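Asks: Each chain, written out:
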Amino acid sequence: MKAAVLTFPGSNCDRDLAVAFERAGFEVARVWHKEPELPAGTDIVGVPGGFSYGDYLRCGAIAAQSPVAAAVRAFAEKGGHVLGICNGFQVLTEMGLLPGALMRNASLKFVCKPVDLRIATSDSPYTNEWAVGDVARIPVAHHDGNYTIDAEGLARLQGEDRIAFTYLDTPNGAMADIAGILSPNRRVLGMMPHPERAVDPAQGGTDGSALFRSILGAMAAA
Amino acid sequence: MPPKCSKGTEAMQEPQITTDLIAAHGLKPDEYQRILDIIGREPSFTELGIFSAMWNEHCSYKSSKKWLRTLYTEGPQVICGPGENAGVVDIGDGLAVIFKMESHNHPSYIEPHQGAGTGVGGILRDVFTMGARPIAVMDALSFGEPAHPKTAHLVKGVVEGIGGYGNAFGVPNVGGEVRFHKAYNGNCLVNAFAAGLAETDAIFYSAASGVGMPVVYLGAKTGRDGVGGATMASAEFDDTIEEKRPTVQVGDPFTEKRLLEACLELMASGAVISIQDMGAAGLTCSAVEMGDKGGLGIRLDLDRVPVREKGMTAYEMMLSESQERMLMVLKPEREAEAKAIFDKWDLDFAIVGETIPEDRFLIVHGNETKADLPLSKLSSSAPEYDRPWVETPAAAPLGEVPVIGPMAALQALIGSPNHAHKGWVWEQYDTMVMADTVRAPGLGAGVVRVHGTEKALAFTSDVTPRYVKANPYEGGKQAVAEAYRNLTAVGALPLATTDNLNFGNPEKPEIMGQLVGAIKGIGEACRALDFPIVSGNVSLYNETDGTGILPTPTIGAVGLLTSLDELIAGQPIEGDIALVIGGPGSHLGQSALLAEAFGIEGGDAPHVDLVAERKHGEFLRANRKALRAATDLSDGGLALAAFEMAEGAGLGVALDSSDIAELFGEDQARYLVACDAAGAAALEAAAKTAGVPVARVGTFGGDRVMLGLDLATLAELSKLYRSAFAAAVTYPGA
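Residue numbers (numbering that gives the first Met the number 0), protein chains in the order written: chain H, 0 to 221; chain U, 0 to 733.
In isolation and in its complexed conformation, chain H is listed as follows (with noise of 0.2 Å):
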């Protein structure tokens, strides 16, 4: 399987999130935002987190123009795989192929810290090997992870059974503690915590692999 992890200037996840696919058994391209396509036989794209451009518009805002993004929506366009972490969670929003916003924090501040979220759906290809109410410890590191959406979109999501991750003491005041939420098609997942960051025990936690074994066995099975 071939993961395509991006690179905007100001990512700095990308590295950590290309070690967590190669891990877990991908085969790991990495590409430059400059790009206007995406790898041949890309399988699944990781928009990873950090500061692209800075962040000093709009989180994402500016990621979500650059050329690698309209390779990016093309292929989602198609039914392929996409997984944003933090930033690249912001950029998916920015880019409309996931609902609603990521607001400043309601403390204002900055939270990096371990939180455990729990699974709010197993019908998706990133959490097919948890069960609903499993309860996972991944750590959360932002300023901007205060989830928002109307009420309309919010009923959709929770009738589509689209909300992913839940938190279990919400970090930043996420509405209905939203922590992940899917696409229409499900192909296309956005979290604010780092899966890539628990996937070694060196890291103190591995909770974060089910979530990279889920989307290979996903894969394998299509």
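Keep in mind the hints are simulated off the structure, nothing from the lab.
None of these values were measured; they are calculated from a predicted model.
Using N, Cα and C, we set each Cβ at its ideal position, and we do this for glycine too.
You may find that some hints are simply not true.
To be verified - From the structure, some residues in chain U lie toward chain H, with a derived Cβ separation under 7 Å: (1) N166; (2) A167; (3) E426; (4) A434.
As the list claims (entries may be wrong) - Far from chain U, some chain H residues (derived; all Cβ distances over 12 Å): (5) W31; (6) E36; (7) L37; (8) P38; (9) D54; (10) K108; (11) D133; (12) P138; (13) H141; (14) L153; (15) Q157; (16) E195.
What the hints assert, rightly or not - With a Cα cut of at most 25 Å, we get these calculated DSS-like pairs of lysine-lysine: (17) H:K112 - U:K155; (18) H:K112 - U:K421; (19) U:K614 - U:K687; (20) U:K376 - U:K292; (21) U:K687 - U:K624; (22) H:K33 - U:K338; (23) H:K108 - U:K155; (24) U:K421 - H:K108; (25) U:K149 - H:K108; (26) U:K220 - H:K33; (27) U:K519 - U:K64; (28) H:K33 - U:K343; (29) U:K27 - U:K65; (30) H:K112 - U:K718; (31) H:K33 - H:K77; (32) U:K624 - U:K614; (33) U:K718 - U:K155; (34) U:K220 - U:K64; (35) U:K376 - U:K64; (36) H:K108 - U:K519; (37) U:K454 - U:K624; (38) U:K292 - U:K330; (39) U:K519 - U:K27.
Following the hints, position chain U against chain H.
Replies: Showing chain U alone in chain H's frame:
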């Protein structure tokens, strides 16, 4: 402040050199005379600025150099000691750790967010300018009393500034210190540490080589920010401080991150001869450094310098401290390749000069020579002072200690922001980016895996300023010893240190005496512990309205774990036995307990037996398999360390003793460890053979904390411990 310069290159009338102008540049009359002697004429305004930048305390170390030379800086592990951008230490298998600590005190007090952020940026550049990818940062912070009207504002700004820069750059923050004391009311300290990894055969130095080589400017554009910053950093504060705000630089971590990636890419291409970051005194200091180390002259054509605004004068360009800039000497035939890399990262790249054979620092702007100075004299002829100093008088004996119960004593400590849980600070830092953090900040040293290997590096920063004030020599020793213990307690072999010496006005003999005493103590401890100093920074004139800070020689240190199997990262579990390596507590002079519970800062600092330090450290490392958890004993003594270890594990703890000196004494060369029954027996047997004092002092478990018969629930103590910091630094509504 130097007068504002005229607008536009066409009208660059430089001001006359007057006595006032010389004084405004921080130059003493004898120092100005030295300039006249060197160049044999009156300097131009730009030249005066250049001398002022090179000769201020911050850049020239003129008051401390004599004593810094006495430090222990060698060892088989040292690849490059003090004098380069950062120290380089071998960690085996062709890899080196490159690290340094540097202060950004004055800018942080004036503009806390930008001051602290650019402090982080500056130290990161010191590391990656040598070819290393930064892998860890730490910050040692000293603030005034929490109740002081400026403190909460400073804490908030400094912590946000550090986080804002490091988090965006993408380097984990794995340790540091935060303290409060009224002596820092008018002068906070921000000491930023960074460490990076490089291959030992791909380390870059600042010495230029070859004549006619292009001098290349890289990174962000030059603006008027920070003009005169290095001079400001070498002055005392008074009530004109608000006027100094324009001397603080503004940080841009996004540009820094791109500069890192572009520099590492360019270095890997083999096109770089030498490289130097633009830190204090910007273009001046970096160009002089490269020329001086390479025995060459430098010619700069300022018309080619990328600028942010029109009409900048030569003076401003030479003294600007705009951030995220580098100067590089490039192999001429690789110019196109180098430019392509910088274009890829959308960074400025401009050839601004060349190396020349004669000993000249030649600055040309608008077809006019703005400065023409003998380059080698700018640093080598900088003034050096053997300042008069007096030995700090021996501390008066402590005398009678007020009576306090053990639990009340513990509560006084954990309820003070100095010893409360610091989560409020480090949760605002990204402690895990790069995905190699093995041990995040909290108790003791942080540990980061060497990417792609089984090795890991441990990081700590330590000093107890109260000790240094009471007894500079023992306090200096203690700072090094505590760093040694913190590394040891995670199972690491202490490798090397960096020192960040923060003191008051060295022109006062008693302050100079503190500096001399502390350096002697630091040197002695580094020698005895085989723990060389490989880099450092001196920050003097930390005074406001004539009152100095506590002498604060921060020691940053790095240890090596050759395998993650050597890590002692565990927490105690129910039923584990608490043991102390190194004998019972007895010394309450200058203790945290007396300071926090009674406001008493009396008696002598604890003395450090360096032979015992080394022996006990080696004993602990040799017996790491017997230990479930370990921590060093430092301020707050056994009781505070046992509480912190237990609380972190969500457990209670019962200590047998109810004696205040045994519980809270700050005797050195000691560790608290947690073992299961078999481990405890094995440790005791090994101790008997080794002749090291080891004693059982209590048991971990339950949901209560007991000090002798004095008890409290873990829940109530934990609540106090975890809320006291935020309560102290948060204004209602802030």
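Asks: If a hint holds in the structure, say so; if it does not, say that too.
Replies: Taking the hints in turn, this is what the structure says about them:
1. N166: Because about 6 Å separates U:N166 from the closest Cβ in chain H, which is inside the 7 Å limit, the hint holds.
2. A167: It holds, given that the least Cβ distance between U:A167 and chain H is near 4 Å, below 7 Å.
3. E426: 5 Å, holds
4. A434: 4 Å, holds
5. W31: 8 Å, violated
6. E36: 18 Å, holds
7. L37: 19 Å, holds
8. P38: 18 Å, holds
9. D54: Incorrect as stated: the minimum Cβ-Cβ distance to chain U is 7 Å, not above 12 Å.
10. K108: 5 Å, violated
11. D133: Holds: least Cβ distance 22 Å, greater than 12 Å.
12. P138: Violated, because the least Cβ-Cβ distance between H:P138 and chain U comes to about 5 Å, which does not exceed 12 Å.
13. H141: 9 Å, violated
14. L153: H:L153 clear of chain U: closest Cβ-Cβ about 28 Å, beyond 12 Å.
15. Q157: 30 Å, holds
16. E195: 6 Å, violated
17. H:K112 - U:K155: The given pair, whose Cα atoms are some 19 Å apart, holds under the 25 Å limit.
18. H:K112 - U:K421: 13 Å, holds
19. U:K614 - U:K687: 13 Å, holds
20. U:K376 - U:K292: It holds: about 12 Å lies between the C-alpha atoms, which stays within 25 Å.
21. U:K687 - U:K624: Given pair U:K687, U:K624 holds - Cα atoms ~17 Å apart, limit 25 Å.
22. H:K33 - U:K338: Holds, at roughly 17 Å.
23. H:K108 - U:K155: 10 Å, holds
24. U:K421 - H:K108: 15 Å, holds
25. U:K149 - H:K108: 20 Å, holds
26. U:K220 - H:K33: 23 Å, holds
27. U:K519 - U:K64: 13 Å, holds
28. H:K33 - U:K343: 9 Å, holds
29. U:K27 - U:K65: 20 Å, holds
30. H:K112 - U:K718: 19 Å, holds
31. H:K33 - H:K77: 21 Å, holds
32. U:K624 - U:K614: 17 Å, holds
33. U:K718 - U:K155: Holds. U:K718 to U:K155 sits at ~22 Å (cutoff 25 Å).
34. U:K220 - U:K64: 33 Å, violated
35. U:K376 - U:K64: Distance of about 17 Å is within 25 Å: holds.
36. H:K108 - U:K519: This hinted pair is violated, its Cα atoms lying about 42 Å apart.
37. U:K454 - U:K624: 18 Å, holds
38. U:K292 - U:K330: Holds - the C-alpha atoms of U:K330 and U:K292 are around 18 Å apart, at most 25 Å.
39. U:K519 - U:K27: 28 Å, violated
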